[in-house]
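In the order they appear, the protein sequences are chains A and B. The first sequence finishes on residue 722 if you use my numbering, and the numbering steps up by one all the way, no holes. The second sequence finishes on residue 1220 if you use my numbering, and the numbering steps up by one all the way, no holes.
In short, the hints are calculated from the structure, not lab data. You may find that some hints are simply not true.
[What the hints assert, rightly or not] To be clear about the criterion: a stretch of chain A counts as covered by chain B if any three or more of its residues have a C-beta under 8 Å from a C-beta of chain B, and this derived list gives those stretches:
{"no.": "1", "stretch": "148-156"}
{"no.": "2", "stretch": "204-213"}
{"no.": "3", "stretch": "414-420"}
Beta carbons are placed, not taken as given, at the ideal position from N, Cα and C, and that holds for glycine.
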Amino acid sequence: MMQVNESLAKSFGLNAGEWGKVLEIMGRTPSLTELGIFSVMWSEHCSYKSSRVWLKELPTKAPWVIHGPGENAGVIDIGEGLAAIFKMESHNHPSFIEPYQGAATGVGGILRDVFTMGARPIANLNALRFGDPALPVTKRVVDGVVRGIGGYGNCVGVPTVGGEVNFHPAYNGNPLVNAMTVGIARQDKIFLSAAAGIGNPVVYVGSKTGRDGIHGATMASTEFDAASEDKRPTVQVGDPFTEKLLIEACLELMQTDAIVAIQDMGAAGLTSSSVEMAGKGGVGIELNLDDVPQRETGMSAYEMMLSESQERMLLVLKPERAEMARAIIEKWDLDYAVIGHITDTGRIVVKHKGVVEADILLAPLAEAAPLYRRPIAETPKPTRLEPVESNVPLDQALLKLIACPDLCSRRWIFDQYDSTVGGQTVKRPAQADAAIIRLEGSKRALAITTDVTPRYCVADAEVGGAQAVAEAWRNITATGALPLAVTDNMNFGNPEKPVIMGQFANAIKGMAAACIALDFPVVSGNVSLYNETEGHPILPTPAIGAVGVIEDAALAVGYGLSPDLSLIVVGETAGELGCSLYLREILGREEGAPPPVNLTTERRNGDFVREQILAGRIAACHDISDGGLLVALAEMALAGDCGVEVIGAGAAEYWFGEDQARYVLAVRDTAPLLAAAAAAGIPAQHVGRSCEEKKLTLPDGLAISLPQLRDAHEGFFPRWFA
Amino acid sequence: MKAAILLFPGINRERDMVLAVRQSFRQEPAIVWHKETELPVGTDLVILPGGFSFGDYLRCGAMAAQSPIMRAVKAHAERGGYVLGVCNGFQIITEAGLLPGALLRNAGLRFLSMDTMLKVERADTVFTSKWEKGAEFRAPMAHGDGNYAADDATLDRLEGEGLVAFRYSDINRNGSARSIAGIFSPNLRVLGLMPHPENLVDPLMGGVDGKPLFDSLAAA
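Next up, chain A with everything else stripped away, as it sits in the complex:
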């Protein structure tokens, strides 16, 4: 039997001050189970103790926000009495230790956060960061993560419709796997987690509990080192088949009036679900672990309370509906067990084999949770890049850029994800700047994207934070949809290091400014800290997932060209090469300031573009981001399988600068668009024309055939995995 003392508390991740608080709250030495409960509830992962003071700087309200942060996922009004429910969550640490299961259970966890609120999941997306592709470990991780996301998402029948992938050596020992789910519910059928009704049964539904994932939340709250491999047993194993049954069973049960409260058992499993449900409802909860369905024999109370076995839900039911609920759950061949009841004590009491294993007053467990305003060190602001000299011919530079790991086609990845199941996918991956998913039985569709540019964030976290939000907003706008709200997934290094905490605080500052300027509130999110291996932090990566709505899906545009369209750039090009992919891939330099984000211009240009799309004037639209103008034009040509005659003159910074707030619009008739732009005072410039001949014609007499361009663009992943 383990001796409960300060040293055990330390090994559970509680520092001396936190241990002192535990003793104060308990008035005695806690039991092992009690210590386990405190340590997971007060872990960084569950308590947000380092990030909370900053997260509250983010705007979370708007007339269309139904539930902001604090619930399992964010909820927004999308019209017709419907709500979109969505969130993004990280599964970084498990995905490095065991890529397939880490990524798979990441998808499973975020799905549960969404359907626990009553939503049918309609789309999955992901934001992935990997290390240097030259390392064998990177290949292993990419393969496992992609297979894991596909293996889980394909089986549960939720289409994986979008995402992003970057590579950088800063992620060598610490890849990022951020998964996002969007679901749809009726606004009058949204389920929350606050428990109520003294005496109401507490019901366990789903898979049996095993010893997997014990202390997973604690693992996610520390840095990695060489011993992390030993943590493999803390990675959970996913069963997407059971998840599919759980989705259908819960949605069927939600059609009745049986449920008082419901919450998935995610990080910290039975502990966090029961503590949070009772805590939010201001009631007490008593659990009898003898009745918990168990996969293994001889499990202790500590193990059951801390297990992160997947595909489990905790429900509070109306007692008179309990038998009907049992029939529905058992129809789907899932375990159903009454494991406790709601009390008026304000305490969590856990019994096992006739012994009280835990008895904790809930209010201080939540209220006395640690909160740190950690010291901050500012990273010096980078200076704007001096003009660069480059004599690399345009065609050579473009071919190299469009083939590099950060810009090449992701087809090899998304060809392993079912993107059409559900029959509502209007724009699939690589067809539009955001995925377009129609709402069943409606003309309406959602536009969904994930974005962040970590190389900007490491140079200037404030600009990078604003840029991530702005790019997500732009990607939704470029389809014609109206951006509505954001979920954020803050991936950073060790918050105990002032430089890291400074990155975090500045990223929040930039994000908040952008969210306010663009009417784009944050409705849910997740924080993943301690993304460091042997002292090397990742690039600060505040990944943004965003949702917009378009009233008529038929009006949404993609970026594939058809022949005989004029190509117009909207927005100003100053030629910002700082932190650009051109600078890194062609000139081998990572320096300078990222392109400035002018939120007023962003809003003005975007609103203009959306208006033009909804007026039916635009045949195709693509935002200009990584790689700049020439890369955007090449991507439009490839997506439409037709040529482009590019016109104009300029140096590398004109063709490859990553200035923000810009779009390429393809139109049949230029006059009305140019007139409208002039009237609105928005720069618009003719940059080329699409053509039948499958060739990209560049200035200076250069040209690239489309097959050659495609070969360069499509080659990287298939060659890597050949």
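Place chain B on chain A using the hints.
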């Protein structure tokens, strides 16, 4: 045409199938739970949609083939009733012995999700009458186990008796024997195929290439 769509635990394309059937048949299909032992009275067409019945654990379609409802489906087929199995549904009806052969792991051992081109091998069946013989159409595929396999004698017989329904006509990505994407029963009343015509029945899905399958059945 009165359709019944079977629902096994883990099936996930039943909603897609309902959309396609509803649009062409102008009649709501029945949804039949796998534990039922009878099909709804008057069922003309049984549809087994795609997904991962029973998680594809053990072997794709193997457990669903043993579900109570399958006895009724076999009786329906023996009476000359129509059966359509798509993707996992195709795997289930081969496991149930309604069609010969088996669907193995894709040749590249990866899940494949993309559009493929299919060639219509014959247009004189209730499933294909709205196509021309030799027509090519686009259909999304989404499977890990779509590699059609049978012994040479079976393949020769299928080809000799005109029982190949569709072949992959652009790239045979999953490694199927003789590029076979779908096959008929000898009475041409049971069809199994791997790709998903039901996911291209509306311009907003990206095209209507798959609609002739459902229009053909509606006209039968």
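| request: State whether the coverage of the stretch 148-156 of chain A by chain B holds or is violated, taking the criterion as 3 or more residues with Cβ-Cβ distances under 8 Å. | output: holds (count 5)
| task | Count residues of the stretch 204-213 of chain A with a Cβ under 8 Å from any Cβ of chain B, then say if the count reaches three. | result | Violated: only 0 residues of the stretch 204-213 of chain A have a Cβ under 8 Å from chain B.
| Outcome, coverage hint (the stretch 414-420 of chain A, chain B; C-beta under 8 Å; three residues) | As far as the stretch 414-420 of chain A goes, the hint holds, because 7 residues have Cβ atoms under 8 Å from chain B.
Taken one by one, the earlier hints fail for this structure only at number 2.
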